[in-house]
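Engineer: Whole structure, please, built from the sequences with the hints as guidance.
Now for the letters of each chain:
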Amino acid sequence: MAESVKQFPLPSSLKVAPGTEAAQEAYPYYTQFSPEDDERFWFYNSMHFPEPMHAFDMVTAEAAYCALGSFNTRVHCLPTTKGIDHRIINGRVYIGGVAVTDPAEIAERVGHFQQRAFYYYEHWEELYAQWKVKMRALIDEALAFPKPYLPDLEPIETTHTGKGVAANHNLLDIYRKTLEGYFRMWQHHFEFLLLGYGAYLTFFDFCKKAFPEISDQAISRMVAGMEAEIFRPDEEVKRLARRAVELGVDGKFLDGVTAEDVMASLDQMGQPGKDWLAELETSRNPWFNVNVGDGFYHYHRSWNDDLSMPFAALPGYIAKVKAGENIERPMAKLIEERQQLIEDYRDLLDTDEDRATYDQLITLAHRVFPYVEGHKFYCEHWYTNLFFNKIREFGELLRENGFFPETADVFSLTHYELESAIIDLMLAWSSGSAPVGPRYWPAKVAERKAAIKVWADHVVPPALGVVPDVIDDPAIVMLWGITRESLDVWLSDDDGTSKELKGFAASSGVVEGIARVVKSVEEIGRLQQGDILVCQVTNPTWAPIFQKIAAAVSDIGGSMSHMAIVAREYGLPAVVGTGTATQRIKDGSRIRVDGGRGTVTILEDALVLEDA
Amino acid sequence: MSDNDMIGWFSDLRITDRPTVGGKGASLGELTHAGIDVPPGFAVTTHAFERFLEALEARDPIRPKVEALDPTDLDGTTALSKLLRARVEEEPLPADLEAAILEAHGALAKGNPALTVAVRSSATTEDAEDASFAGLQDTFLWVLSAADTIHRVRECWGSLYSVESMSYRRKHKLPEQGVAMAVVVQTMVDARTAGVMFTRSPTTGDKSVMTIEGAWGLGSAVVSGEVTPDRWVIGKITGDITVRDISDKHIRQVAAPGGGIMDEELPADLRTTSCLSDEELQALRTVGRRIEKHYGRAQDIEWAIDKSGKLLLLQSRPETVWSAKAQAPVAPVTADPLKHVMTIFGGRK
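So the protein lines, in turn, are chains X and Z.
Numbering-wise, this note's numbering puts 590 at position 590 of the first sequence, and it's gapless, one number per residue.
Numbering-wise, this note's numbering puts 274 at position 274 of the second sequence, and it's gapless, one number per residue.
To be clear, the hints were calculated from the coordinates, so they are not data collected in a lab.
Any given hint could turn out to be false.
What the hints assert, rightly or not - Heads up, simulated SDA-like pairs for lysine to any residue below, C-alpha to C-alpha not over 20 Å straight-line:
#: 1; chain 1: Z; residue 1: K339; chain 2: X; residue 2: V110
#: 2; chain 1: X; residue 1: K82; chain 2: Z; residue 2: G346
#: 3; chain 1: X; residue 1: K499; chain 2: Z; residue 2: T272
#: 4; chain 1: Z; residue 1: K293; chain 2: X; residue 2: R355
#: 5; chain 1: Z; residue 1: K293; chain 2: X; residue 2: D344
#: 6; chain 1: Z; residue 1: K293; chain 2: X; residue 2: I342
#: 7; chain 1: X; residue 1: K502; chain 2: Z; residue 2: R231
#: 8; chain 1: X; residue 1: K208; chain 2: X; residue 2: Q340
#: 9; chain 1: Z; residue 1: K307; chain 2: Z; residue 2: R271
#: 10; chain 1: X; residue 1: K163; chain 2: X; residue 2: D173
#: 11; chain 1: Z; residue 1: K82; chain 2: Z; residue 2: P92
#: 12; chain 1: X; residue 1: K209; chain 2: Z; residue 2: T343
#: 13; chain 1: X; residue 1: K274; chain 2: X; residue 2: P315
#: 14; chain 1: X; residue 1: K444; chain 2: X; residue 2: A17
#: 15; chain 1: X; residue 1: K208; chain 2: Z; residue 2: G346
#: 16; chain 1: X; residue 1: K444; chain 2: X; residue 2: Y29
#: 17; chain 1: Z; residue 1: K339; chain 2: X; residue 2: A356
#: 18; chain 1: Z; residue 1: K325; chain 2: X; residue 2: D347
#: 19; chain 1: X; residue 1: K548; chain 2: X; residue 2: R232
These figures come from a predicted structure and were not determined experimentally.
Structural biologist: Pasting the structure below:
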């Protein structure tokens, strides 16, 4: 039987969803597919961009790829790969690698790489310490940006100090600095990242050769650090739970009571309540600067902006503290277990030579890993929150001036358009007449918001264009886990009706239970003790609800994701990166999660009530 | 070894006793000594066989006839096999030998008239580990009485004179002097579930995983391939269960009313039900690791879980296929650890 050749659609065959053409046009010209793009292979970056992108949020792809590519192509000179090109259609981000294939060019780049990247590996600790200083300075800069504001008249000081610059100029200044800071943050983000992943993958590759059937999670358990900043927010919630018990205010924390109501009742109960609120403030800065997503969408708000996540976790932690349970992570035990694991695998190696190489590689992996794990808190969380919140302040100002009906509508403008709207407002303020924006933007914003809704339900091919024989791009393999095998799975005949979903085996164990499909953080209150969490993005900031659930399933994520690590620490079965769990599993269905094999089985579909 | 040299109780045996009790007997002794749960039993030693053979040789020669065989003469070999097997199975045993086996059987029964045993040949040659020799020996399950036991011991001895076995020895010019067979007599386990376990992957040789195969009833169904067993791959160190293939196990093997075993159809719901729980898989992993540590090399293990849920080890032998392969270094050795990252960044070689 002849094997029929399966292909992904060509970019040129992909149509913009009817009625959304204008919204598609809003994305910059350099992100639109062109006929030449048919020659290349593209895949949908569902890992970072699982939902349609608002026009402004597109900056997260742009700034990231500006930086990723710079470091790969021109700073560290990765021998076989350059940067990432991206295109947007129907709100979805497709990306394509730029491989180096000419052997002479590769050889030349190997020379550069060894001079440059090896320097980083050799001076890792010192350069990473320097990185933290740089990153903190960048955060402090962002914290110091004033709130954009236009007074009716300049304050008298403007004249008496001879300032010579009026308030409208500040808007442009703050905006450009905000945007510049965000692009700079991404440069910092990629200063170490690929080298870090590369060192980890070198160890990973060695283990896979030495132990062909070793699970990914066993390797990640040997490498994963224990003290990364990203664990801290959850630890702070636990600390607050303990303080609530110590201060005798724990009775105010009840399931189903909103954060605002809890805080109001604490405020009224005198000193102990106020003391706890002061503790909360200590935790919030900086540790609640974590968003509930991966930092690529303006609506993934931080704990600081929406306290429902930590407050949903508090009653459970408080109950455990009162029951005398130790809720802190058992650090010494975790470190000892990791060491034991490393030694046990080492003992299985056949020769002293292999043991020597193994020692070299695990040492290198441990050296680089604090960065790989730690950078996210500073970059994707803390800085990103400051950035989006600053843009939100511009949204507030523009809304007040009639540009659009809602503050968040600002994210329907690209960053270029936002600058034009700001200049429109600056001109109006200076001339004393009305801005043009209020007549121009509302219709466009409405059109684009409608397009996002259309695109959310629009079919997204996982890849486009010519399938390469092999995926030999270390950046794509490292960051997206895409291999020729995964493409074959995408090309297979899965019609979406099978009762079994495959993903990465993130944390071992088998559990059956009721699926709770949680599409946003506002819904976490629906989780009952013993439910199985089914969510789109696995994120470490969801850790506090792990005490409640029996297992976790996600659409996106790898076995090295923080959620996988946290799930293992909680001893919860977890399957990540299923692709479609939130679409295929109906809320309330009975499912089985096998975290050792990476499978999720739908045992009993939830009944869909006619007028639910 | 006990006071007579014809019987060796597992509890008295060590792996070094192989020349007299064969590979199986020595291994079961070593496991018993290491504190592993092994169904109790004894080995009828090669001395016992030698004594019997001496008696037979005195009546009419055996070994010279085998040595005189032309390995290409199939008819002659077949005729001699028939003759010799009949003699081994039928001619009287020396009285002290018969008494020793009966006494050991009685001691094993401890007054239980319902004792059933497994009788297995236990070869002494290294070749027995070789696949070419495997299958030339016999195993009899669910043997009901002492008299039957003796008969099965004789059958095991007789298997040395099968056409295949004699041809093999002649082809390899092995001297008959020293050809001997020990036989293991072991309390039968009324298995709920049984199967095999490899303490390294049989497919990739990976030492970090174990493969467990099992089916309902006696392990013979798995070993003989009559049932497609359930199969698991489990991390030796982590305990992660990364493969769970639950198959359709259409039959199980159980005790037959008159001794021996028979196939039994399984009800539909049992067929596709996992024959081991996760706790049992972990218990197998633990015992497999212990045995492997004890011997210092990967093992091929037969196990059973009885009706009360107790895990018992029926046999353990060294894994030979992967262990025999040359070990190439996993990665080229280099003094500079950074050179290794080029396997990721340097492109395909």
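Engineer: Now look at each hint and say whether the structure bears it out.
Structural biologist: Checked hints:
Proximity of K339/Z to V110/X is assessed by CA-CA distance (about 11 Å); at most 20 Å being required, the pair is judged to hold. Proposed proximity of K82/X and G346/Z is supported: the alpha carbons are some 13 Å apart, at most 20 Å. For the proposed pair K499/X and T272/Z, the alpha carbon gap of about 17 Å is at most 20 Å, so the pair holds. Between K293/Z and R355/X the CA atoms are separated by roughly 19 Å; this keeps the pair inside 20 Å, and the hint holds.
Under the criterion of a C-alpha separation no larger than 20 Å, the hint pairing K293/Z with D344/X is consistent with the structure, at around 12 Å. Of the pairs offered as hints, the one joining K293/Z and I342/X holds, with about 18 Å between alpha carbons and a cut-off of 20 Å not exceeded. A distance of roughly 19 Å separates the Cα atoms of K502/X and R231/Z; the hinted pair therefore holds under the 20 Å criterion. In summary, the hint linking K208/X to Q340/X is supported, as the alpha carbons are separated by about 19 Å, within the 20 Å threshold.
Taken as a hint, the K307/Z and R271/Z pair is honoured in the structure, with Cα atoms around 18 Å apart against an allowance of 20 Å. A hinted pair counts as satisfied when its Cα atoms are at most 20 Å apart, and K163/X with D173/X qualifies at roughly 15 Å. The suggested pairing of K82/Z with P92/Z holds, with an alpha-carbon distance near 17 Å, which does not exceed 20 Å. For the hint linking K209/X to T343/Z, the alpha-carbon distance of about 12 Å falls within 20 Å, and the restraint holds.
Among the hinted pairs, K274/X with P315/X is consistent with the structure: their alpha-carbon atoms are about 18 Å apart, no more than 20 Å. Restraint check for K444/X and A17/X: the C-alpha separation of about 17 Å stays at or below 20 Å, so the hint holds. Our distance criterion of 20 Å between C-alpha atoms is met by K208/X and G346/Z, whose separation comes to about 18 Å. Pair hint K444/X plus Y29/X holds up; C-alpha atoms about 18 Å apart against a cutoff of 20 Å.
The hinted pair formed by K339/Z and A356/X meets the criterion: a straight-line CA distance of about 14 Å does not exceed 20 Å. Of the supplied pair hints, the one linking K325/Z and D347/X holds, its CA atoms being roughly 19 Å apart against a limit of 20 Å. Between K548/X and R232/X, the direct Cα distance comes to roughly 19 Å. Compliance with the 20 Å bound is thereby established for this hinted pair.
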